[in-house]
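J.: Residue strings, one per chain:
2 protein chains.
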Amino acid sequence: MSFGMIQFVHPAREDITLAGVLAALADPMRLQIVKNLLDRKDCMSCTEAAPCPDMAKSTLSNHFRVLREAGLIQTSKKGVEHRNVVREADINARFPKLLKTVLGFAEQG
Amino acid sequence: MSFGMIQFVHPAREDITLAGVLAALADPMRLQIVKNLLDRKDCMSCTEAAPCPDMAKSTLSNHFRVLREAGLIQTSKKGVEHRNVVREADINARFPKLLKTVLGFAEQG
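Heads up: the sequence lines are chains A and B, in that order. Numbers in this note's numbering are just positions in the first sequence, counted from 1, shifted up by 440. Numbers in this note's numbering are just positions in the second sequence, counted from 1, shifted up by 440.
The shape of chain A in the complex, shown without the other chains (with noise of 0.2 Å):
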């Protein structure tokens, strides 16, 4: 590990908690960050998946750190840039149709 070097907390499937999932897209910025990295099907910087232009950077990194956590999103860093995919896969193994019913509703609030 080099020095200033950034460490991405990713926990792994089987740590990946219904709580934990359920917070973090209790939240309309966040629901539209995961709703906008699923529609790319692609990794994506912060900036391309934010769900508002002029969303302040500090809120926006917040919000992706939320979503790494829960266990939602990867995070790779790519020269200065912070890639992000949705961990499709994890989320739903571990809880099977729960993203697909959450985003489902995320545009009526």
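If you're looking for bench data, these hints aren't it; they were derived computationally from the structure. Be aware that a few hints might be false.
The list treats identical chains as interchangeable, and a pair is accepted whether it falls inside one copy or across any two copies.
Calculated lysine-lysine pairs in the DSBU-like style (CA-CA distance at most 30 Å, straight line) [as the list claims (entries may be wrong)]: (1) Lys497 to Lys475; (2) Lys475 to Lys537; (3) Lys481 to Lys537; (4) Lys540 to Lys517.
Chain B: place on chain A using the hints.
T.: Positioned in the frame of chain A, the structure of chain B alone reads:
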């Protein structure tokens, strides 16, 4: 309204939000309370629906408040007791299958 009467806050069906419901369910103890209430299919006092018998009364009533304010349960006063019931019809109308999906995972954590 008589003095000292406790007013319970219940959101109207259309004011129940996805974020509020998910946040309320994002706690193993509250999930267990909802499960207990649904299993009985009848009004229950807070103590009867408690997730564990030794839970502090203040903790328990806080959990019930969170569930009530999210629109998940309806509380009414009957004598000195608070009677609680899950607002199944309201939740299912707003977010079909959400409750069933989430409660299905409640045991595995």
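J.: If you test the structure against every hint from before, which numbers come out violated?
T.: Per hint list: zero violations.
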